[in-house]
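These protein sequences, in sequence, are chains A and B. Just so you know, we're using the UniProt record's numbering here: the first sequence kicks off at 1 and counts up by one. Just so you know, we're using the UniProt record's numbering here: the second sequence kicks off at 1 and counts up by one.
Derived by calculation from the structure, the hints in this document are not laboratory data. Because the structure is a prediction, the values reported are computed rather than measured. Note that the Cβ used here is the ideal one computed from N, Cα and C, for glycine as well. Errors might be hidden in some of the hints.
To be verified - With the Cβ distance kept under 10 Å, some of the chain A side facing chain B (calculated, not the full set): (1) Ala71; (2) Thr96; (3) Gly110; (4) Leu167; (5) Ala249; (6) Leu250.
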Amino acid sequence: MNAPLPPTTAAGRIALDQVSIRVGQGTDAFTAVDRVDLDIAPGEFVCLLGPSGCGKSTLLGALAGHLTPSAGTLHIDDGAVTGPSSERGLVFQHHTLFPWRRVIDNVAFGLKMRGIKRAERHVTARELLALVGLAGFEQRYPSQLSGGMQQRVEIARVLIGQPRVLLMDEPFGALDALTRLKMQQLLLDVWTRFRTTVVFVTHDIDEALFLADRILVMSPRPGRIVEDLRLPFARPRGADLSTSADFVALKRHCLALLHHDAPVPPLPRLTPLGAPDIRTLQFAI
Amino acid sequence: MSLRLPNPAAWVLPGISLLASVLLWHVLATSKLHLGLVTFANAPSPREVWDAGLDLLQSPKLLFHLGHSLWRVFAGFAAAAVAGIALGLAIGRFGWARGTLLPPLEVLRPIPAVAWIPLSVLLFPSSEVSMIFITFVGALFPILLATIHGVEGIDARLVASARSLGARRWRVFTEVILPGAAPAIVTGLAIGMGTCWFCLVTAEMISGQFGIGYYTWESYTLQNYANIVVGMLLIGVLGMGSSALIRTFGRLAMPWRGASR
Chain A
1 MNAPLPPTTA AGRIALDQVS IRVGQGTDAF TAVDRVDLDI APGEFVCLLG
51 PSGCGKSTLL GALAGHLTPS AGTLHIDDGA VTGPSSERGL VFQHHTLFPW
101 RRVIDNVAFG LKMRGIKRAE RHVTARELLA LVGLAGFEQR YPSQLSGGMQ
151 QRVEIARVLI GQPRVLLMDE PFGALDALTR LKMQQLLLDV WTRFRTTVVF
201 VTHDIDEALF LADRILVMSP RPGRIVEDLR LPFARPRGAD LSTSADFVAL
251 KRHCLALLHH DAPVPPLPRL TPLGAPDIRT LQFAI
Chain B
1 MSLRLPNPAA WVLPGISLLA SVLLWHVLAT SKLHLGLVTF ANAPSPREVW
51 DAGLDLLQSP KLLFHLGHSL WRVFAGFAAA AVAGIALGLA IGRFGWARGT
101 LLPPLEVLRP IPAVAWIPLS VLLFPSSEVS MIFITFVGAL FPILLATIHG
151 VEGIDARLVA SARSLGARRW RVFTEVILPG AAPAIVTGLA IGMGTCWFCL
201 VTAEMISGQF GIGYYTWESY TLQNYANIVV GMLLIGVLGM GSSALIRTFG
251 RLAMPWRGAS R
């Protein structure tokens, strides 16, 4: 089995029909996502925008297959989502690289799981590391990298499986402002090469406007989609976009949407793995 | 923790402290000091212990006793490591294993391994096996508890990521659970090695033939008082050596832990 860098894939359509998701256990359980209908085209870059705790990460967790909807159906192309799969790559806010594996073996992990030989998977991993600008760092351990570099490795590791869908949960939220801008640019560069469908969760309006073809704005708990915005900005996009009149107007619109109601008490952050206390979650392996 | 000291100057103070201790011992032993509550009338002096130690070094008895003790510790510790890690991984990971295996182990856990000696003499016709069993019991619980703790401490996101990258049941275990729990397991092994020696020496004193604990106790009954201290010091050296071995093993098995920026 060979694993070259992929050409564009036509697959990656996401279809949600009346999806509701409950998280938490027993009396603490609540509806985090409420009857969401959604259709995302293959290769589309979609940002889920909403305040903290609105259920956007929960929705992402269901797309990844780590959470099961309590109602409704969730399809990627023709298949229902029944569990995690390398077809749907997930990137968390804080990296989840294996501390005990060198960078190159972290990136090659997905190929190892497919039974591809070491030499062969290292060739592919090297290509991907070069693509995210980390050539020369193959033999480091994750703890020896900066936060931005760790997320680059994380992205390379997910892309090596040639996922149809790339799911990202505030992946640059923990980075400093300058690194974040670089990473956004890098992500767009990589995306022009891979053209997978991207679902990108953020609460940063500028980030969503800069990255997305389409922004879905979510309301606080229970999470519903209250606005579906298609962005008219041409690609490739540069830093000057954020000062254009169209950009500023759309930003104002998004701000108004996020502050639409009476003040809502701040909600705890949810994760793609469910309720905030993820330690209590037992995974069936 | 580390025994490697950075420069010669750092040796000066510990050296003086050790010398002073030996000197104090010498004064107490040679003056046959009698303080009522404690008496040094029969305590051997450093000089006598040194001579007795040299004698033992040249006698074939040393290797004989050492060999027996080392074999027992190795056998008991190896069995405890295999059982403790396997049970700990299962209990830490699977609800059914926790439900079925943990309750009896929790009942047995507070019983000191030494309290097992009479029963184990009854259970095992060979006193050799009964002593190995005692060392096994002594090492089992520290290793077991550390392993459970290590498995429970693994970040759920790492498991989720591994599954998203295509890892199935068994691969999650070998790729995430085992290395993730490794630091805790090595800590458990180090603690287990300590209790191993403790239990072995006690077992040898009570029911043993041969072995370094037996030698120490035999020296008392034969009134070779200097040899008691030789035995004690040997036990200390062996304990220190075996924990150094565990630490080295841990460093080699977990190269990522020493990696710095």
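Hints, one by one, checked against the model:
Taking 10 Å as the C-beta contact cut-off toward chain B, the hint placing A:Ala71 at the interface is violated, the least distance being around 23 Å. Taking 10 Å as the C-beta cut-off, the interface hint given for A:Thr96 holds, the closest approach to chain B being about 4 Å. Against a cut-off of 10 Å between C-beta atoms, the interface hint on A:Gly110 holds, since the closest Cβ of chain B lies about 4 Å away. Annotation: interface hint on A:Leu167 holds; nearest CB of chain B at approximately 9 Å, less than 10 Å.
Hint on A:Ala249 is violated. Least Cβ distance to chain B is approximately 38 Å, over the 10 Å limit. This hint is violated: A:Leu250 has a C-beta 32 Å from the nearest C-beta of chain B, more than the 10 Å allowed.
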